[in-house]
Amino acid sequence: MSAQPDLLYSEEEEALRAAVRDLLTDRCDPAGVIARTESDAPHDLGAWKALADGMGLAGLLIPEDDGGQGATHREAAVVLEELGRSVAPVPYLTSAVVATEALLACGDRELLGRLATGRAIGALAVPLHLAPDVAFPAVRVERGLLHGQLTGIADASCADLLLVPGDDGGLYAVEADAATVTPQVSLDLTRPLATVTLDAAPGRRLGDARPAVERALRAGAGLLASEQLGLAEWSLTETVRYLKDRKQFNRPVGGFQALKHRLAQLWLETVNLRATARNAASALASATDANTDTDIAVAVAQSYAAPAAVHAAEEALQLHAGIGMTWEHPVHLHLKRAKADSLAYGTAGAHRARLAALVDLPSP
Amino acid sequence: MSVDAAELKRRTAELLAAHPPADTAPADFLTARFAAGLAWVHYPVGLGGLDAPRALQAVVDAELAAAGAPDNDPRRIGIGLGMAAPTLLAHGTEEQQRRYLEPLWTGAEVWCQLFSEPGAGSDLAALGTRAVREGDDWIVNGQKVWTSSAHVARWAILIARTDPDVPKHAGITYFVCDMTDPGVEVRPLRQITGEAEFNEVFLTDVRIPDSRRLGAVGDGWRVAQTTLNNERVAIGGMRLPREGGMIGPVATAWRERPELRTHDLHQRLLKLWVDAEVARLTGERLRQQLAVGQPGPEGAGMKLGFARLNQEISGLEVELLGAEGLLYDDWTMRRPDKVDFTGRDAGYRYLRAKGNSIEGGTSEILLNIVAERVLGLPAEPRTDKDVAWKDLAR
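Line order of the protein sequences matches chains H and R. Start counting the first sequence at 1; every next residue gets the next number (my numbering). Start counting the second sequence at 1; every next residue gets the next number (my numbering).
Next up, chain R with everything else stripped away, as it sits in the complex (with noise of 0.2 Å):
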């Protein structure tokens, strides 16, 4: 029997009834919420989840926010919600499924994702990472690199070389990584913001048991398709009103102090609030086939045009700006515990939006998948195909 409409409101009623937000503390409100299978209604019941339509979630969400109820603060838990929980949902055993899930929805506990490396970046696949077998454990050894939220993170997503004998997309294995056991190392690594929300994390003899493996050994490529592919629908596919996102604080600014105005930026900013506009409606349209169970290829350029006006158009802010446009908040070194594209200033959020286009994959390599798995062009010329990766290049 499938949830509908009408039975997730009367549930929902029910949640905030014998849970009232106003006298209820958050945390138990969100534990709650998961008991009661709103967390995410797609997921299995006894995960959070009811069996439900994905799109019924929004049903859901609305009458919640309607109530004032808490939210689980996605930007400080985007990588266990958007990458880590899909993983787990697709690819875990339920014991698994069980230990994390529910933590993770509540913010209970951070996850952060050990996949870059300094040597493994656009050709993640590259990574050279070493677990080997002992007994029931891996004993891990490598560094990754660009880890957001590793410094808050109590559990990590990692992906690691298990076989270099095989070539490489061959020999990976995905594990679940504990990020207070003897071994990880986290280090800021400070960036052109000035913060330091992404971390370096070296792991020297780090002992993770084979049960907290997600998939086969040396299928770990094929279950990191599943967190990237949710990666990128992640970053780029938030619902927006009009005007929501990057092109607001520039609008209003635009509106309240007319002594900013030139004509070459009003050229400009009409047509970055089109191109905003026009992402909106794809993202609408985009979440409309999937509610209706017909899911196209667009999820895969929303975040490619994502980048490109997040970037734009804070490049625009910083000039509409002036004087000011020549000032930056705040230059301290800091370790802010989430991420936040849109916060602060204009200085920082031009800097920030710099990121867009590298982190989750670059641009150039979504292209590459836009051409090649929905034009179906041919792939590019491959050398690296069938040999082992310990005898690759490096």
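Just chain H, same shape as in the assembly (with noise of 0.2 Å):
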């Protein structure tokens, strides 16, 4: 095993995540976001813009040389905990990583350029429900065009740039205007799915989808984590403040032990949470392209932090109680967020499965 991973915040860290939070309290408060799911343009291009252009942040796993920040997944993880904090719909996870992270294995500067500026919004045309290392579905390539459908594409409906595997092996760059795009009703809300229907669609290929679509889907389910982190985080921290509020029997609620003690293993698994999001961020920094100790980092964060946000999510419904099941409160949001990400780049299970194999313990 290496030395042993840095699971701290750095001072610059701690500042990016209030640069961060700030401005998402100004432009992200919840009865904007519920409001914003419902309306013709499900994501918040303006924070977007904000984020992204505004503070560099599109590009901070992009090296300088190619237009970006040349950080580190530590930094792109601590936005991501306040992304998810206020499930933020921005595609941050999907382009500023994912995307980023299959041009970075191709190593296309000109469109790692165009993400990087946050100008251009990338989208890996795979389902979002993969994990890394499972087979993905592929479009036909006759004569350099693209013909073929795929769905369950997040934030395609947002998207510039479409990375599409062909059937020849390749991964493609497709302009979206090239392809035609249509939203999917889905769980969701803040981080919705489209189809892609390519109908002889120029791509121009970028190099092997193979290696590209693994390293992307490696750092998207390792930096979920991180997401996840922010959601479980807020769950408790709001559900603490409510009810601590709340007066039922002529008490405050959060008084009875049956609730405390709730709380109090909600606490425990975020403390663990956080320092297995850490742990995989930080893995994530200083991983080479093939590295089993990143792997076991990653399948150990989804293996956890799925079930974990999602256990949150759930106890923050139930003990708001009534006011939890109405539309207006945002928990749902944070619900619909934590159940969608303990499917996206694979499930617990998924990844337990993978652990299966790399730390060699077999199947029967």
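Derived by calculation from the structure, the hints in this document are not laboratory data. Hints may contain errors.
To be verified - Here are the simulated BS3-like pairs of lysine-lysine, each with C-alpha atoms no more than 30 Å apart in a straight line:
| # | chain 1 | residue 1 | chain 2 | residue 2 |
| --- | --- | --- | --- | --- |
| 1 | R | Lys338 | R | Lys354 |
| 2 | H | Lys247 | R | Lys385 |
| 3 | H | Lys336 | R | Lys271 |
| 4 | R | Lys271 | H | Lys339 |
Once you've looked at the hints, go ahead and assemble the two chains, each given alone in its own frame, into the complex.
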């Protein structure tokens, strides 16, 4: 095993967190996010522009020579914690992490430069629920034109650039206006899915799809744990706050031991989730392309984070009781995101199956 | 001046040169290590330390382990190391610190903890053991229970009631009790494992000089908090490598004995393997926070997680072993001289781990502590707060 990973936050990371939180407090209040989910434009492109272009966060993982910030997954993880806390409807994980990692694998400097500024949004056209090491669908490639349909593509409806696997083993760049993107009705209102239909769409071959997709989904799964941490923290904090205020039987509800124990248990899970999310971000930041320790760190993080975040959101709903069931209270946004996140980039079960191979605990 | 890592390495090398472990009796080496201030580097000079940052102990430990230096068998002297020592450091007089700390650290003197009573477990402050002042001495009468290592201990940390006329937390005083004194009777308490690691201790007119009082009269509850906080860290906060602790033997059995594998056990094993790895990372993060002087409240949770993990993993291990899981290594009544959570066979581990959520504060009490002190939720309603101890229903 390599040296102990740094599981803390640096001062710079805390400053970054504060800046992102300030911006999201101003621009992504719960009522606004709820209203937006039912509008024609579910993505908040104004907030995206401020984060991506204004603060330069879209290019965190892109080297400075290619127009990015040359930062690491540790900083991107801090951004994702805050985005998870506010369930911000911005394509950060899908564009600035997953699509960006695929382009980094292909070494396409021109497209990296476009994504780095945040002026173009990228989407990897692989269904959101797939784990890093499983087969993914591809479209037919004929004389450089792409034909076929892909479903379950996260944030495709706001993407400018689609990265599409072809049946010749290549990964192709397709401009979104050359494809038909049809929104699907999604469980997670803040990270909507879409169907991408390609009818002789021109595409440019960027490189081999397999390594690019694996790298992209590995980073997506690993950093998703930080988004799940933000979600779980919001759920815990808001629930504690509510239970201190809410009175029944002439006492604050939070004074009842049955509920205190459940909240203490959530706190423990959140503490564990933080350690494992930091470990995954740290491992990704120092990873080479093929690195078993990083694969283990990512698989451990998703095995733990997915059920922990869902548990936190489910407890938040139950303990908010009646108000938690209403459309106007934001807990449903967090529950929907947490449940969708538990499938995104592979379920906990899929990641445990990966671990079985990685740590030599084979199935019967 | 603060001692840094380089200076500690230099001093460790000096110790090893002057007392080569291969040619030195372990007890002599440990004594020399204490004198060099390398026992617990964050303790004061003269008391086994160098006033160095606590995190740097790892530097010394690594160098000494690499050189094959003897350790002081923390499993045998865990209560002294983990609980008595930090309490003596925080609340003892200089004379007390000089008398007790060195033999405690070298293992020459074993300590036990006379806290719990048959009627005062989770409600520890309800204890009824009485200490009555008589000249320069205190006369102690009462019964303690669940006392690990009392049968091998030279000293005990003891809390006793010195004022029954005030509310229960206010009337307690903290003492060091000499286990060889007349009136101290230790009886083995046989447990579900078959052995007697714990004891009952009967105190009959035990005479404790006032010079063995720790802290002020009536301030024993506050002093005991130092002990209890350190106890939880000591139980739950051990540093482990990946697959250290109870998950290790289960993973090994899984790899080496494919005939034991089932799909159900596989799913449960993978989940517990992840939980063990996550607990390890949480412990590592806590240590990193301590090292940079940002102690977080995570320590409060470590023991809770440790207890649950040990119980689930050892339960799985018994099942994994199939026919062998139906056997037990030895029910003979014995009185082991050390606490060993992970030793012996799977059946022993399973039964002993049941104690992990009871000893050092039950999991239910620790969840209350997290809820109230970390999350700031309202405290349990109290009916005993302003009532003198003697007027409480028992």
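Hints, verified against the model:
| no. | hint | result |
| --- | --- | --- |
| 1 | R:Lys338 to R:Lys354 | holds (17 Å) |
| 2 | H:Lys247 to R:Lys385 | holds (23 Å) |
| 3 | H:Lys336 to R:Lys271 | holds (24 Å) |
| 4 | R:Lys271 to H:Lys339 | holds (19 Å) |
The structure fails none of the hints (numbered hints given earlier).
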